[in-house]
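Colleague: The lines below spell out each chain.
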Amino acid sequence: MSDIVVRMYNIDVRYPESDRSALQVEELEIERGETILVLGRSGSGKSTLGKIISGVVPHIERGEIKGTLQVCNIDPRTVEIENIIKKVAYLAQSPYDQVIFTKVIDELKITIENIRGYVSENEIERYLKILGIEHLKNRSIRELSGGELQKLAIACILAIDPEIVILDEPLAHLDPQSCRGFIDIVKKMRELEKTLIIIEHRFRELVDLIENKLIDRVVLLSNCRLLTTLSSNEIVKKLSLLDDLGIILPVNCKLALALGVELISLKDYTILELALEKLKYLGDVEQRIENGKLILEVRDLYAGYISKIKGLHRHVVWVLKNINVNVREGEIVGIVGPNGAGKSTLLRAILKIVPHIRGIININGRRIRSIHDLKGLVGYVPQNPDLILSHDTVFREIFERAKISRKNVKDAEKLVLDIARELELSDLLHRCPHSLSRGQRFRVAIASVLALEPKLLLLDEPTVGQDEDCIEKLGQIIKNYVKDGRGVIVVTHDLHFIVDYVDKIYVLDNGRVVAEGDPINVMMSGVFQEIGLPVPDYVEYLRRFNVKIRPRDIIEKVRLLTCNYAS
Amino acid sequence: MLHKINILSRLVLLLSINILALTFDNVKNLIILTVISFLIWLSTKPNIDRIKFTALIVVPTMWSFVLMQGLFYSAEPKTVILVIVPPNFPIIGQLTGGLYLIYQGLIYGLVQSLRMVSVLLVGLAVAWSSTETEVFQVLRHYLKSRKLTVAVGIAVRFLDEFQENLKLVRLNMRLMSETKNIFRKFINIVVPLTAYIIRKTYTITLALVYRGFTLTRQEAGERPKLSMIDKILIISCLSVALAFAVMKILTLLFLYGILYIPQLSYLYTWVVYHV
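The listed protein sequences correspond, in order, to chains V and Z. Read in numbering that gives the first Met the number 0, the first sequence has 238 at position 239, and its numbers run on one by one without any break. Read in numbering that gives the first Met the number 0, the second sequence has 60 at position 61, and its numbers run on one by one without any break.
So that you can see chain V by itself, here it is in the shape it has in the complex (with noise of 0.2 Å):
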């Protein structure tokens, strides 16, 4: 038997509501058990090519495949989806979705019920052990984190035994302690000899797994075809062709590019040693100085839920406890902590829907009691972008916040234009907002609530499940909001974003502060380790150092020295 388990020969992919190709790839085989890398960015046709492979593409989702397909000696377009799955796994992004039932034993129960039709405990925990979980096999699938709903996702996966497992997007759900933990499901699945597809864009969560030799090839795409594939130690040296291709690059790789010199690995962090021994005689950075009218401040504020009832009394469990908060005008706060310390509750108790509060919330030095008091000065976007989104066009849903806060349907017209403009969705006002990709709609969602005009906008999570460009252009459209002297409240795990954009971050850990300031100065005063938060590898150097300042400075900094040179 070959041990190519995937062929592909001339392919070209087509959906029906699309007359462009969705991929091209003139020639890909990948062996049985290799880990692949597949990078790209977004609508690069990284999906499609995962989609194809294990049949979602044309059995669930309609599609045209012209060439040569050859999955585990099957063609996966002639053959009945029941047939494919034995071979290949697919796990779409959100691992929250992939698990169905409440409990990790019936999850697990279930599914090799239904595939062997029978099942003993030894068997359950020999796939809980498979991926370390085994101490979860009693506990709630609400009490897991992203991480450990993931590998209990593979856990079930690994039950149908299949020869090819592909992940998509497996880190866009995942807070940082998760992210690290992936590199011990892709460990496991090449101990397991299986052939693992990842496909991902986030490059800078995936250079432990490339440094550690645990990705044989990457595949790189690029305008819905297949470029080049490179083996792991051929990443280093093609750092330009990434940058081309719109991945973002760690920061040492991008001093690398930008002082034209060659890095020994991609954990190769003298680079920034270099550039900082140069920035040294460029003078200390500019502090930021907190002069903004107060927006928001939360004074000594404790939310809760009911968690238990004992006859009469009810036990009020504190998620938050002795909370303080302010946020400036011209402000991007960032709040961050582990997984349970209560961020999403502190937003909640902003927007009074949270059913236990006591203290002091004062937005625009007016004391808020109720949701009441908070229509027209806080603008609130969910996680997910479609919750705010009612109307059958763009224009309108935007349209219809602007009347609110302009009056004049005129003036709202124009404040629908000049929002369009800015968020460059000038172009999708005629669509309907459901019909757009998931950037596309939580831009919409933003532009909505910024028609209104509010002095505070709050952001649960905006990054995630979000691809790089947009958060880019969020990073950007909220920089350029505060700017009027507003005030953005930003709830994430996303330690690259709040390094870039967040002017002042709170540390939550158990419901309490444990540290505020500055992010760089926060990360380098070693509380996220504290609290188990890994914080990004040139911390360490910036430490080392003694420089606070932003990476995206130093890369800028770089830049216009070698430019200084040059010239």
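No lab work stands behind these hints, which were simulated from the structure alone. Think of the CB as a built atom: it goes at the ideal place given N, C-alpha and C, for glycine as much as any other residue. Hints may be right or wrong, so weigh each one.
What the hints assert, rightly or not - DEER-style ranges, computed between Cβ atoms: (1) 317(V) <-> 74(Z): 11 to 21 Å; (2) 131(Z) <-> 513(V): 33 to 43 Å; (3) 188(Z) <-> 60(V): 26 to 36 Å; (4) 91(Z) <-> 317(V): 20 to 30 Å; (5) 63(V) <-> 200(Z): 16 to 26 Å; (6) 138(V) <-> 80(Z): 56 to 66 Å; (7) 371(V) <-> 231(Z): 51 to 61 Å; (8) 133(V) <-> 235(Z): 35 to 45 Å; (9) 178(Z) <-> 116(V): 51 to 61 Å; (10) 19(V) <-> 200(Z): 24 to 34 Å.
Dock chain Z against chain V, hints included.
Modeller: What follows is chain Z alone, placed relative to chain V:
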């Protein structure tokens, strides 16, 4: 106490109470049945919220059943125990022919409400003492329905998330909309939630397909073993309930003139007067 017995025993207990509640016409029997149900309900050690919840369902139900039947009982004979609106009272009395409280109506209402309450109390006790895992166990092993298991599983799993999203949609409506149009308000809630459900359905479908739920295997799996207590409980509950049901059916067949067995004449009398 209830949670210590097998889920199947609990369901059999519920079924038996159901059968007995339908079988009994005698108020005394129904009161005894309701007291038994109440004791079963008490055995779950309900907290203050559950007590309030139960009271909120039981009291208005009983009250409205009894009062409605007492006022509007239509069968014969009727014994008036209180004249509320005399027939000669201007307009209302003349239009309605008078409003009375009828003894037989009160008894009939009491019988109906006791039937409902006895079943309701045990139903709540079974619901509170059963875990989701036990419900899936019943669906898989006893009802043999894989589709139903998955459907119930998904409904239970995503119910919280749906409620949470509904809350966020309503919050955004309050923050971002000034419409007073009820239809528009309805649309503002339905459209985002429908979009959410459709997208969720797609991802869940993918998860189900690649978890092998399209395979044609019929539901199987070893049934959990019943303890001796469970076996005794199941047999005795079903025996008592079915015995009463059979006696009642035989009596009804006799009363409607369909079947008469002379040897059972004593039973007919006993059932008519005591069951």
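Colleague: Quick one: which hint numbers does this structure break? Sort them smallest to largest.
Modeller: 1, 4
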